[in-house]
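**Student:** Single-letter residue listing:
There are 2 protein chains.
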Amino acid sequence: MIKPRTPPGVMELLPPDQIAFQRMLDTIRRNFERFGFLPVETPVMELSEVLLTKSGGETERQVYFVQSTGALGKAESGTGEGMPELALRFDLTVPLARFVAEHEHELAFPFRRYQMQRVYRGERAQRGRFREFYQCDIDVIGKDALSVRFDAELPAVIHSVFSELDIGAFTIQLNNRKLMRGFFEAQGVADGELQALVLREVDKLDKRGEDYVRETLTGEGFNLPADGVEKILDFVKVRSTSHADAMAQLDALGEGNDSLRDGVAELREVLELVRALGVPETHYALNFSIARGLDYYTGTVYETTLNDYPQIGSICSGGRYENLASHYTKSKLPGVGISIGLTRLFWQLREAGLLGKATGSTVQAMVALMDADSLPDALDIARRLRAAGINTEMQMEARKIGKQFQYASRAGIRFVVLTGEDERARGVVAVKDLLREEQFEVAREELASTLRVELEQAQVLAGR
Amino acid sequence: MIKPRTPPGVMELLPPDQIAFQRMLDTIRRNFERFGFLPVETPVMELSEVLLTKSGGETERQVYFVQSTGALGKAESGTGEGMPELALRFDLTVPLARFVAEHEHELAFPFRRYQMQRVYRGERAQRGRFREFYQCDIDVIGKDALSVRFDAELPAVIHSVFSELDIGAFTIQLNNRKLMRGFFEAQGVADGELQALVLREVDKLDKRGEDYVRETLTGEGFNLPADGVEKILDFVKVRSTSHADAMAQLDALGEGNDSLRDGVAELREVLELVRALGVPETHYALNFSIARGLDYYTGTVYETTLNDYPQIGSICSGGRYENLASHYTKSKLPGVGISIGLTRLFWQLREAGLLGKATGSTVQAMVALMDADSLPDALDIARRLRAAGINTEMQMEARKIGKQFQYASRAGIRFVVLTGEDERARGVVAVKDLLREEQFEVAREELASTLRVELEQAQVLAGR
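Chains as they are written, first to last, in the UniProt record's numbering: chain A, 1 to 464; chain B, 1 to 464.
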């Protein structure tokens, strides 16, 4: 007897939670498609040679390699050649780069794609860390060039997604790498690596406090001038409180150098278009502390936070990059993308008690079975409900009716339909509405349409 | 520069095909849920110890093992301990068994679950063989016992799925392992292994012909009596042509032994309930040649074939089993299940030219951009369309209008919406309907509702 269990670091859900998770996936997909993004799915296994071209040491250490039984035998007998041929994808960006380079001549650019699949990382086992998790990505890829206008489309999609997910107030925070670089250069921090080190220290503001960071940056190692450090500390504290305030904050940066000017101009255009796309100004803001992957992003960068749960951190991040697929093609493919780590988000929402329990089952109605003789009749009722598009479960065995009600109630099924001899004789069925806690009779012919109306009303009330 | 490519044996689709594939997945999911099946997703990686308990040598040779970089290093330096700790699932049945045993006390039985995920097999690379492919499974699992009535529910689901997939006429073919065992015992083939060997020969009927099979079974090795072999050959040819004919064929088997009688009684009940569930008699039939996994199935067995494309073989198969999870729990968990191998089915339908090309994009409308000044106005139109639930792509750069139409046409987008100075002045937008090949003007305020009506009409016409 083997103990049934999953490996550490994976999230497996019981049906009620899986239903909630699937609804989030559906909502995300629907909104990605609403903005004209096209679906792509790539294989979970890529050739190691292709997958590991781009990534540095940190990522490589976390890669899962795959070997069939045959290849494994060879490796063990010492005839294998080092790195296994196959590996599991660790993100959706490298597969996107491979996909776009491979199918460059079959795709129309700018290419808007979405991809919602699981990725794999050999993370240290730890609560809330996952070795298998869903990423839900959108990217726009241009050929040779891609207008900064596309940088405004992503916040509009994200606003639409999180509004419909209905997980509380959120803010899409924007920054721009050119603006940051220009600002740091003006403070005498011109070198990219040094900028990264400074930002790493600045990132400790919340945990270690301002004094600690000030001392570190002015102290040995960094040796930055005190007034420059003050300017940096003021800079990274900038948050805008409205559209007009965001524009004013950009004005306040002054003329500056080329890089700063470029960044300011890009952010201005992006913010104006985000507003034109209908995102309310309460839902986006400047945040000059956002850096993201410094070696990768080159323009706009995004993070999204839940206003009432800042401790959850960014629930959706991304930015603009210069060239997607330089390892696979000579074509220049600039892009802008954003990613939701849904497994982690779901886990955190559940931990914070923010998953609505009232969402109910996918099953909308249950046909109870009073006695064995009623079976053909009950099956016919189930058939009619299903034909009308109502998700219907059938009790195939006549258990005590109390048990059947109890089951439906626990399962989150709203309607229980009953038909006994008496009801049959009168051409009606009895319906128990477990949501409203009331029972009613309805003519057999009108059952399906009656329940449909009730279910559609409930959907309208739920704001969907 | 690395050549961008996928490993052999995987199916990766460009967006138009991915959209068609996703629509099939959605249809299958919708119908699974329509019958009250609940979603489960399991991790792609299972503990090898858990995954490989049940499977025999054949399956084990096809398993993909997974090792993180760290584990791989240990294995190479000889400190590893034989079989890697993790492996990729090769079907959805073993993970189901593990899941049900693990969560036995949290699930309500009978437990109806569906699962639609990819599985992995180290198949020999060959055209039409896949190493990564989708399986779409439904199973009903009972605790201690499970009424044969549930065996009737699966064909009703399958009928609903394939009717809506609209890939041509199909027949769900049924047989029963008890009936088969009883019949073979009566012909003196009582031993299970011998039955399997006989069935393997019978399976060659189509390829090698009746004479070959007759000679083999009467010849050395089998040594079966000639009249018994004739009875077997007649038996496996039985196909019913209607519900009444199916009943008559079951009658014609006579009294027989216990096993035969049990099998006949089960098939009778299943067929009656399949009819009561509304499956037309043109869509199900007896087929006494269906055996399926002999070591696994114990009662009803199913295969489904496309009437006009028998060469595709079974597109959906399954059956009744005695005990799902004997390696993980002492509880007896009988079940009945059926599986669609969607990747293979999609590939075959595409090869046979049976994928409707007319399905169109997920993108329903495109807002063209006449000049840069129109951008805020165009974005507002896009916003209104999206708010009305219409999937809308925005042209962010003002290219030649002919190019924009050409793009929309190639991409399968139905409506192109235009707004120039003249239209703005008159409060209208111009719409080109690429499906009907006509152009019309509509008041700005009525654009979204007008397109919605058109799209809903098209859906009704398409029978959805």
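Mixed in with the good hints, there may be bad ones.
Same chains, same label: a pair holds when it works inside one copy or across any pair of copies.
Quick list of in silico lysine-lysine cross-link-like pairs, DSBU-like style, CA-CA up to 35 Å [said to hold, decoys possible]: (1) Lys207 - Lys330; (2) Lys403 - Lys204; (3) Lys143 - Lys332; (4) Lys403 - Lys143; (5) Lys400 - Lys432.
The hints are simulated quantities; they were obtained by calculation from the structure and are not laboratory data.
**Student:** Where does the structure disagree with the numbered hints, that is, which hint numbers, in rising order?
**Tutor:** Checked against the structure, the hints that fail are numbers 1, 2, while the rest are satisfied.
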